[in-house]
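Here is what each chain is made of, one letter per residue.
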Amino acid sequence: MYIKTIDGKSINTKLTYNKKGLTVYSFWATWCVPCINELDDIHKEIEKWDDANVKIVAISTDDSRTKRRVRPMVNGKKWNFEILLDENQALKRALNINAIPHTIVTKGTRIIYRRIGYKPGEENHLYEFILKNSTVKN
Amino acid sequence: MNKKYTFYLMLFFFNSSILHSQILKNLTSSYESYSAYYLDDSKTGDFTYEDRFRSNNYLNLKSSIVNNWNFELQIESYLPTALLNYSPNFKDTGISTFKIQYNKKDLNISLGNFYEQFGSGMILRSWEDRSLGINNSIRGLNAKYRINDKINFTTLIGNQKKGFKYSKGYIVGFDSEFDLSKILKNNSTFLLGISYVGRNDQKTKSDFYDEMTNLYSARIDYSSSYFYSNIELVNKSKNPIVIFGSVSDTFIKEGSAILFNSGFFKDGLGLDFTFRRLENMSLFSEKEAYGNLYNESIVNYLPAITKQHDYSLTNLYVYAAQPNVSFQSNSLTKAGEIGIQTDLYYFIEQETFLGGKYGTNLAINASIWNNLDGTYDFSNQNYETDLFGFGEKYFSEISFEIRKKWSPKFDNILLYVNQYYNKRLVEETTSEVKSNIFVLENTYKINDNKSLRLELQHLSTKDDTKNWSAFGLEYNLSSAVSLYVTDLYNYQNPVKEKKIHYYNFGGSYSKGINRYTVNYGRQRGGLVCTGGICRYVPESTGLSFSITTSFF
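So the protein lines, in turn, are chains A and B. What the first sequence shows, in our numbering, is residues 1 to 138, in sequence order. What the second sequence shows, in our numbering, is residues 1001 to 1552, in sequence order.
Among the hints, erroneous ones may be present.
Calculated cross-link-like contacts (lysine-lysine; reagent style BS3-like; alpha-carbon spacing at most 30 Å) [as the list claims (entries may be wrong)]:
| hint | chain 1 | residue 1 | chain 2 | residue 2 |
| --- | --- | --- | --- | --- |
| 1 | A | K48 | B | K1409 |
| 2 | B | K1357 | B | K1404 |
| 3 | A | K44 | B | K1357 |
| 4 | B | K1357 | A | K78 |
| 5 | B | K1099 | A | K14 |
| 6 | B | K1185 | A | K14 |
| 7 | A | K4 | B | K1266 |
| 8 | A | K14 | B | K1104 |
| 9 | B | K1253 | B | K1203 |
| 10 | A | K67 | B | K1099 |
| 11 | A | K92 | B | K1511 |
| 12 | B | K1404 | A | K67 |
| 13 | B | K1185 | A | K67 |
| 14 | A | K67 | B | K1144 |
| 15 | A | K14 | B | K1144 |
| 16 | A | K132 | B | K1450 |
| 17 | A | K20 | B | K1150 |
| 18 | B | K1253 | A | K78 |
| 19 | A | K9 | B | K1105 |
| 20 | A | K107 | A | K92 |
| 21 | B | K1150 | B | K1182 |
| 22 | B | K1357 | A | K55 |
| 23 | A | K55 | B | K1450 |
| 24 | A | K44 | B | K1165 |
| 25 | B | K1393 | A | K67 |
| 26 | A | K92 | B | K1203 |
| 27 | A | K48 | B | K1104 |
| 28 | B | K1266 | A | K78 |
Just so you know, these hints were derived from the structure itself, not from any lab.
Model the full assembly from the supplied sequences, consistent with the hints where possible.
Structure representation (structure tokens):
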């Protein structure tokens, strides 16, 4: 399955996962306040996530109404996650995601964690889950 | 009654026997249910429709049968009837969509219902949005072919879905996209796209216009490490205008669209600018569907280009894009819209005076949308527009947002919005509304499981129904359980009986991918908008609940 990079190029979703550890896929949108809260909260302590050898991929489900806001917002917030665009929600649909925020953790291509919604503090539970399941350490 | 049981039986069947059997490999499914029990209300009136209990149910099943072959089926059930203000075409239980897909290397062929978008969607977008009752998937053939990851071709043909029915006539389309980045010999990206969509309407035919309406579009997209710019142009062939609900035999015009977007960004700063002009651009698979309340039979996607708000009072006077020709009276003539939007995002660094320990996020948005300027001849039903002329204003907005984390436990969002909404011209009624809105959101994290969120909102205006206030309090008492209470109050409504509290309280339980919600309260009537598409909903009071889950 193909998805767009932030530059509008097509990329195979198989190439997006972390070959050396776990990958967190966060489905978000520029208009989704809890989604932004989650990514902001992760970003605020990004060093510890980087140390855990986890790759964070933020998949924007913004459609053409708000898609153009993604790049300025990501840069305005200094997020350094990999950003992908699921403009007509093909990947979201393929993964049976009904609502966002929706967070998925994969080990290789295997899904080991899924969660709908975000409440403050849940990023810490996610971080603990990552530490527990991360076999490859730096 | 039997139909209801059939649906639950089907649900049980799919999730117990087949799921665990080896017949279908990799079966996954998702299930979503929204139900409501509507009540009489001493303030807003009795419930005057049929069926107090209403329920929308969606079961989606996906499987890869053998290598390279995928299968998808969606069953929907509206029993005894669909939720208030969903299209009457959503009724009973049935197969809503199905698809068989063949995938091999660079080839992808789908047979059945598919979702597709060309460019930004101005000539074609089919998608599903359950909250708005939109599923305009096309049933037919969709084929995609890629060459060296540099060239993409897409073709499609089929009938468009409306409820459980399909349009008379067909949609045909072709899209191509070329990655020409190599020409530039640096790290920037350069993409070129050309698309075509044809709409053949067999339902409304006449000797005065062609059965087929053709739309052509071309787009280029450039981006480098700090700058991007893209432009899309559309031409739509002559098609009849719908005046007072009937398709005209004499008022026949072409349509067009121009979309320009550009932005600049570097670490901590993002700037975006958009210009769009639409003239006679709406397109339905059946001409008669023009202006329908349920957003059925939409072929292309023309959302309002304004900030998409997440708070109730900022969504009171929402602008919906005005792509259509509308001749209501000598003083109310429209041919489309022209306008701009700009966004600025700025991050104030940590450990600075304004940034504090955690930094501060600033966001500014401004937009202005006007009617097309030109000469309108109401009595002879004709118009000539100026290419870059701004006519009477529909809507303008400026907003400032500050997000600030003060400590590991406490953060704020402060939002100020200044809006102008020309209700007379947009909704074709009366009045103009100038308003100022303040929102303050406070989140207090008690520990990793418990948090409190308080939302305070105020809208002040001398127009329409005057001032509103709103608040919301949310208590997350564990990682799974959340409770809330919200209220929306038009405390200055000039009509005493309409000073009503639109209160709601409820809770949710979510664990992993399962989520259950329950809500009791009063819903405000009016336009409910998601993703730039709006739907009119009547006022209602009642108990509602929802289930969202997936199975693997």
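Now for the hints, and whether the structure bears them out:
1. With a C-alpha separation of about 19 Å, the suggested pairing of K48 of chain A with K1409 of chain B holds against the 30 Å cut-off.
2. This hinted pair checks out: K1357 of chain B and K1404 of chain B have alpha carbons roughly 10 Å apart, not beyond 30 Å.
3. Proximity of K44 of chain A to K1357 of chain B is assessed by CA-CA distance (about 10 Å); at most 30 Å being required, the pair is judged to hold.
4. In summary, the hint linking K1357 of chain B to K78 of chain A is supported, as the alpha carbons are separated by about 16 Å, within the 30 Å threshold.
5. Taken as a hint, the K1099 of chain B and K14 of chain A pair is honoured in the structure, with Cα atoms around 23 Å apart against an allowance of 30 Å.
6. For the given pair, K1185 of chain B sits about 27 Å from K14 of chain A by alpha-carbon distance, which is consistent with the 30 Å threshold.
7. For the given pair, K4 of chain A sits about 21 Å from K1266 of chain B by alpha-carbon distance, which is consistent with the 30 Å threshold.
8. Annotation: proposed proximity of K14 of chain A to K1104 of chain B holds, straight-line Cα distance about 15 Å (limit 30 Å).
9. Simply put, K1253 of chain B and K1203 of chain B have alpha-carbon atoms about 20 Å apart, close enough for the 30 Å limit, and the pair holds.
10. Proposed proximity of K67 of chain A and K1099 of chain B is supported: the alpha carbons are some 28 Å apart, at most 30 Å.
11. About 19 Å separates the Cα atoms of K92 of chain A and K1511 of chain B, which keeps this hinted pair within 30 Å; it holds.
12. Distance check on the hinted pair: K1404 of chain B and K67 of chain A sit about 24 Å apart at the alpha-carbon level, within 30 Å; holds.
13. Restraint check for K1185 of chain B and K67 of chain A: the C-alpha separation of about 27 Å stays at or below 30 Å, so the hint holds.
14. As the CA atoms of K67 of chain A and K1144 of chain B are separated by approximately 23 Å, the hinted pair is consistent with the 30 Å bound.
15. Between K14 of chain A and K1144 of chain B the CA atoms are separated by roughly 18 Å; this keeps the pair inside 30 Å, and the hint holds.
16. For the hint pairing K132 of chain A with K1450 of chain B, the CA-to-CA distance comes to about 23 Å; that is within 30 Å, so the pair holds.
17. The suggested pairing of K20 of chain A with K1150 of chain B holds, with an alpha-carbon distance near 28 Å, which does not exceed 30 Å.
18. Taken as a hint, the K1253 of chain B and K78 of chain A pair is broken in the structure, with Cα atoms around 47 Å apart against an allowance of 30 Å.
19. Distance restraint check for K9 of chain A and K1105 of chain B: the Cα-Cα separation of roughly 18 Å lies within the 30 Å cut-off, and the hinted pair is therefore satisfied.
20. A threshold of 30 Å between alpha carbons decides the hint, and for K107 of chain A with K92 of chain A the separation of about 19 Å falls inside it, so the pair holds.
21. A threshold of 30 Å between alpha carbons decides the hint, and for K1150 of chain B with K1182 of chain B the separation of about 10 Å falls inside it, so the pair holds.
22. At most 30 Å may separate the alpha-carbon atoms for a hinted pair to count; K1357 of chain B and K55 of chain A meet this at roughly 26 Å.
23. With a CA separation close to 27 Å, the supplied pair K55 of chain A and K1450 of chain B stays within the 30 Å bound.
24. Between K44 of chain A and K1165 of chain B the alpha-carbon distance is near 50 Å, which puts this suggested pair outside the 30 Å criterion.
25. Restraint check for K1393 of chain B and K67 of chain A: the C-alpha separation of about 25 Å stays at or below 30 Å, so the hint holds.
26. Taken as a hint, the K92 of chain A and K1203 of chain B pair is broken in the structure, with Cα atoms around 35 Å apart against an allowance of 30 Å.
27. With a CA separation close to 40 Å, the supplied pair K48 of chain A and K1104 of chain B exceeds the 30 Å bound.
28. About 9 Å separates the Cα atoms of K1266 of chain B and K78 of chain A, which keeps this hinted pair within 30 Å; it holds.
Checked against the numbered hints given earlier, the structure breaks hints 18, 24, 26, 27 and satisfies all the rest.
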